[in-house]
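Given only the sequences and the hints, what does the whole structure look like? Please build it.
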Amino acid sequence: MTLQKIAVIGAGITGLNAACILHLAGLDVHVFEKSRGLGGRLATRRSDFGIFNHGAQFATAHHPDFIKYVKMAQQKGAAEQWVPTPHVPQQNNNTRSIPGGSLDRQNHQDSNAGWFRGTPAMNNLVAPLDCGFTINKNTRISAIRPLDNEQFELFSQEGPRSGHRIKPQSHGIFDGVIVAIPAPQCAEILMPLSPRFDGIGDVTMAPCWAVMIAFQNKAATGFDVLPDAHPDIAWIGRNPNNAPSAAPDNMFDRWTIHASPQWSYDHLEDDAETVGHLIETRLQSLFKDMNITTPPIVMRQAHRWRYARTIKPLGQSHLSSLDGRIVAAGDWCMGARIEAAFQSGESAARAIMAVCK
1 MTLQKIAVIG
11 AGITGLNAAC
21 ILHLAGLDVH
31 VFEKSRGLGG
41 RLATRRSDFG
51 IFNHGAQFAT
61 AHHPDFIKYV
71 KMAQQKGAAE
81 QWVPTPHVPQ
91 QNNNTRSIPG
101 GSLDRQNHQD
111 SNAGWFRGTP
121 AMNNLVAPLD
131 CGFTINKNTR
141 ISAIRPLDNE
151 QFELFSQEGP
161 RSGHRIKPQS
171 HGIFDGVIVA
181 IPAPQCAEIL
191 MPLSPRFDGI
201 GDVTMAPCWA
211 VMIAFQNKAA
221 TGFDVLPDAH
231 PDIAWIGRNP
241 NNAPSAAPDN
251 MFDRWTIHAS
261 PQWSYDHLED
271 DAETVGHLIE
281 TRLQSLFKDM
291 NITTPPIVMR
301 QAHRWRYART
311 IKPLGQSHLS
321 SLDGRIVAAG
331 DWCMGARIEA
341 AFQSGESAAR
351 AIMAVCK
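Residue numbers are given in this note's numbering: position 160 of the sequence shown equals residue 160, and the series is strictly consecutive.
Straight-line distance between alpha carbons at most 20 Å, and here's what the computed PhoX-like set of lysine-lysine pairs gives:
hint, residue 1, residue 2
1, Lys5, Lys137
2, Lys34, Lys167
3, Lys34, Lys137
4, Lys288, Lys218
Just so you know, these hints were derived from the structure itself, not from any lab.
In structure tokens:
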């Protein structure tokens, strides 16, 4: 059977890359995204205090296909190279070394010489992949039903509301489906369809609490990034100033703090206000130990990524079943890197196209 109409579930870089490849190959592609924006964990929060990149902070580019894509994104003004100023600890009696938190300048520059980010915001990194296919936002696909004619019907369904369960809503019939969402969510949809997808259950993903903090003016830290600053904090990073001089982005000093996987797991069900306060307290304590005096905080928000970092990947680029007409893909397949997600999307698209004969 020749495939014509393809559904892609998830509009992160995996799903969008797959959708773009399939669309350019002439297939009728429909993307379904549960959120209101594109990019998945390449996420940006816009606020009255400016832009916060609160998901993935940067991308590396080693694979030839992703290098080619990043160069194209740079040409289109959607990406830029990022070489932030690292933290260099002072060797004196007044400043203690932060465990695992400092990199010497030369090694840090070597490590981030190949760092890239979307511009003016991280989610712009996927902008070149929005190449004309249909995108359905705010649509959470919860089930796929195989049909007798080797096609598949997609459904969304909300949970109980006021004691009544809403009837599943059909979103169309498709010849093939790519599911490009976090592994636990992928498993819920696909494992009931085929034992071939059981391996998704072995993938391990860790949560991450991201806290966005804006200072009234620039904090005199002397650095832009501080990874592994504390057992509870995996990342401290200053957000970019890419706005005109009169815009809010240049009025406030905006930082993203990622809690460590273990701390995030321990506090997974805490409310955002509590998490924001706890992480702010740790940040202020760290800065105090480093003799950094911070301006007043004018904004603090927390966002929970329930599935943020791949700890144990699948070990292959994708999984397929039902005669190759349903494919699972994502960064959880090959590792916790943006370019791994990009490559997985390409592999998923090629796998679907291999059935188009």
